[in-house]
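Position chain B against the provided structure of chain A, taking the given hints into account.
One line per chain: the protein sequences are A and B, in this order.
Here my numbering is used: the first residue of the first sequence is 7, the next is one more, and so on.
Here my numbering is used: the first residue of the second sequence is 7, the next is one more, and so on.
These are computed hints drawn from the structure, not numbers from a lab.
Hints may be right or wrong, so weigh each one.
Identical chains blur together in the list; that is why a pair holds if it fits in one copy or across any two.
[Unchecked claim] In silico DSSO-like pairs for lysine-lysine, Cα to Cα no more than 27 Å straight-line: (1) K316 x K229; (2) K171 x K32; (3) K43 x K32; (4) K66 x K21; (5) K345 x K296; (6) K229 x K21; (7) K43 x K296; (8) K321 x K296; (9) K356 x K287; (10) K321 x K118; (11) K118 x K21; (12) K316 x K236; (13) K118 x K316.
2 protein chains.
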Amino acid sequence: MILESELYDYRYPVKGCYVWRPYGMKLRRLVESYIRKLLEDSGHGEVLFPVFIPHEFFSKEAEHFRNFENEVFWVTKGLHGEERLILRPTSETAIMPMFRLWIRDHTDLPLKVYQIVSVFRAETKTTHPMIRLREISMFKEAHTAHATRDDAERQVREAVEMYRKFFDYLCIPYLVSMRPDWDKFPGAVYTIAFDTIMPDGKTLQIGTVHYLGENFSRVFDVKFLTQDGKIEYVHTTSYGISERVIATLLAVHGDDRGLCIPPHVAPIQAVIIPIMYKDVKERALQEARKILEDLRQASIRAVVDDREDKTPGWKYYYWELKGVPVRIEIGPRDIEEKKITLVRRDTFEKYEASRDELVDALLYLFSEIEKNLREEAWRFLNSRLKLASRVDEAHKLVEEGNIVEVPWCGKNECGLKIQERANSDVLGTPLDKEISGIVTDLRCPVCGERANTLLRLANRY
Amino acid sequence: MILESELYDYRYPVKGCYVWRPYGMKLRRLVESYIRKLLEDSGHGEVLFPVFIPHEFFSKEAEHFRNFENEVFWVTKGLHGEERLILRPTSETAIMPMFRLWIRDHTDLPLKVYQIVSVFRAETKTTHPMIRLREISMFKEAHTAHATRDDAERQVREAVEMYRKFFDYLCIPYLVSMRPDWDKFPGAVYTIAFDTIMPDGKTLQIGTVHYLGENFSRVFDVKFLTQDGKIEYVHTTSYGISERVIATLLAVHGDDRGLCIPPHVAPIQAVIIPIMYKDVKERALQEARKILEDLRQASIRAVVDDREDKTPGWKYYYWELKGVPVRIEIGPRDIEEKKITLVRRDTFEKYEASRDELVDALLYLFSEIEKNLREEAWRFLNSRLKLASRVDEAHKLVEEGNIVEVPWCGKNECGLKIQERANSDVLGTPLDKEISGIVTDLRCPVCGERANTLLRLANRY
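For reference, chain A alone in the conformation it holds in the complex (with noise of 0.2 Å):
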């Protein structure tokens, strides 16, 4: 569908590694100004630091390296076996040393910035289009650095109820978990992650937030005067999303005939068909082309088919299927009668409007659309999240495309047991609901003490 709609190729000649066509780059960009839009608002600045990290920084923080270790390119020709290079699979290494030359005193905390950039991953599984990628082409990657630890997890709550913001936008469902300490970004102190629930009932993760801590100024030497007169050790967060919060979108609200893009970010949000039987055609034409001026005047993206050579009917399929919108019609007796026809491309209903209320009927068209896309995919994700106080009951539900949540006591040990035995993945432990009343009189499947938390279980792409 991605390849049909001309939005994104898969056949480039390299494993993991695609194409983005000139409409899937209209829908990347509308999606990247949003997150722009949030992270300046919020006193973030916008960097771009190189690609390459000299191999000595990259292996600084040791738990970072271990983990990336064997996922990393090395770029070794060319260079004449000086320095030995790596392409970041993500840049907390890079940035560090320049943060140390930025940060001085307290004035300059807390610092903020993010870039939007290609990251890699030399990906030994199986690589899959916008999800599991060698080059991950479109990584936000925000990194901030604080004065106090106060202040950094204040950072993470941010970033965190900007994310919410983000996929909300994107009418995306999310389950928002922390991390078990096994799972976690290598070299924090805990990730805070958003998953969501693809058609198939697998989970993808689409953002995550890291706290720190001291791990990476420690070992960079990042630190700065206090109002006090103090040194200190800088306490510092990243966060990320990619593409792959594209697949969502396009996996999430797409259906049998084809895409179905938000209007938010759609990079044609209306189509005008004008019906161009012989003896109307011109009168078609030219009120086609005056709602385009019209639509363009109130900064709504739109196109007019006017193409000849193809039927009405192959036309609504084939904007069915780039996922516009809405669809406007105009036929004889619309002219006549001074009315428009507007199909919605997800329920396929059709609406009549007068022309002269016909921006009004389109934005409020635009937000019925997507208040349902949003409500659909959150009935989808809440129907799959299930209760299950056993392990092999919660084993048969992860299997049925379930998401499971499993009362745990919060031991390493038990948590990496019901893991185990469940024989499924693990997303961490809820932030989005309050789990007390939920877990009172549950045991842990696996000690059979006291839950004060649930396990998160999951099918994960």
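For chain B alone, kept in the frame of chain A given last:
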């Protein structure tokens, strides 16, 4: 200066790789958005291709490969030695295999795409911030395919006109030259280049446009069905610019006090400095914020500097260093008299405007500043463009920081000898002026035959 203005940082610990800071990124984004507009308006679609190119594809076009072979980075690890990949130094060989899939018949042509990406060159020469890089991080490359040579050459002319507009917009002066055969892009039929002159008299290549003929389409087998049912190879072109335009912008317009950024692309177009004497402080601040609001309404990028621990004088220098085109001062008398004091960054001239006409006055000043910067820069370039009929004279003039035009018969062997004897670099033959009138009666200094063109010599970066 670029370090002090917090635009760019050259202290990143990898040779030829640098860091863009938020102020620099804002400038970049503004520069990019104009070239993007020019490209989109002329029918180019944005794409994004992978960084990795398989060696097998990269080496298909023999001349292209031979020339880049020694300056490409190889990616060797994490790939189990199955594939041999290079980091793109330019994307012709990544794009052609996809053009092959996308182009079927004449209705698919012309096909015009562009991307703004990082490209990599394992430079062995001394690297230089924004100018000679190992990671060129703002490479705008366009690639087009056409049914006929005529249409491809029309595209070459369109690209040249687009680049003229682009450099004019940035107030950057340029020469347009046909590069000689021995210095064209590897794999091109011919290369047209834009060069500018830096304050030290050395020239910098800031844009190139290549007609590639069928050189790439033949080796990548990119064919199409013509209207009369024949199968033919497409004709391709490519053209590129990089962050060198920003280096030029800063170097050409800057002075002893710092940067001077043309208003079109200045991240901050006006800085408002309230003079905060004790008793009028509140009023001055209030007025400053009102003005800020008015300017934002008018889409003018402005900030208020209301820091209390800095003197007005300190602030003047600070914003001059950053190259903000206009400074707005608000003193007690200004408020009293409903006036405003404006100071130009380029000439330091002071103006008074009535408060009501502030926006108009600013917009007028912006266009005056741009006119002045453009004229000054062109004046400098023109003052350094010399004609010499003898090679020793040409050599001397080049050494003194000039671009020198020498009569030339047009034969490669003579051109190479001129270049060698003048011990200088060559830019090619002028495409931006009528030559016939100039070369009448002039003779090639090597063979003594009648000259039919001029060969431009310079000291190139």
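Cross-check of the supplied hints:
1. For a Cα distance limit of 27 Å, the shortest separation of K316 from K229 across copies, 26 Å, qualifies, whereas the shortest one inside one copy, 66 Å, does not.
2. Proximity of K171 to K32 under the C-alpha cut-off of 27 Å is found in both arrangements, the shortest distances being 21 Å within a copy and 24 Å between copies.
3. Taking the shortest alpha-carbon separations for K43 and K32, both the intra-copy value of 17 Å and the inter-copy value of 13 Å come in at or below 27 Å.
4. In this assembly of identical chains, K66 and K21 lie within 27 Å of each other by CA distance solely across copies; the values are 20 Å between and 30 Å within a copy.
5. For a Cα distance limit of 27 Å, the shortest separation of K345 from K296 inside one copy, 14 Å, qualifies, whereas the shortest one across copies, 45 Å, does not.
6. In the homo-oligomer, the alpha carbons of K229 and K21 lie at most 27 Å apart only across protomers (26 Å), although the nearest pairing inside one protomer, at 42 Å, exceeds that limit.
7. Taking identical chains as interchangeable, the C-alpha atoms of K43 and K296 lie at most 27 Å apart only when they sit on different chains, with a minimum of 24 Å there against 32 Å within one chain.
8. In the homo-oligomer, the alpha carbons of K321 and K296 lie at most 27 Å apart inside one protomer (20 Å), although the nearest pairing across protomers, at 51 Å, exceeds that limit.
9. Only within a single protomer do K356 and K287 lie at most 27 Å apart by alpha-carbon distance; the minimum there is 23 Å, versus 61 Å between protomers.
10. Proximity of K321 and K118 under a CA criterion of 27 Å is satisfied inter-copy only: 24 Å between copies versus 47 Å inside one chain copy.
11. Only between protomers do K118 and K21 lie at most 27 Å apart by alpha-carbon distance; the minimum there is 26 Å, versus 34 Å within a single protomer.
12. For the homomeric pair K316 and K236, the shortest alpha-carbon distance between copies (25 Å) is at most 27 Å, but the shortest distance inside one copy (74 Å) is not.
13. In this assembly of identical chains, the alpha carbons of K118 and K316 lie at most 27 Å apart only when taken from different copies (24 Å versus 52 Å within one copy).
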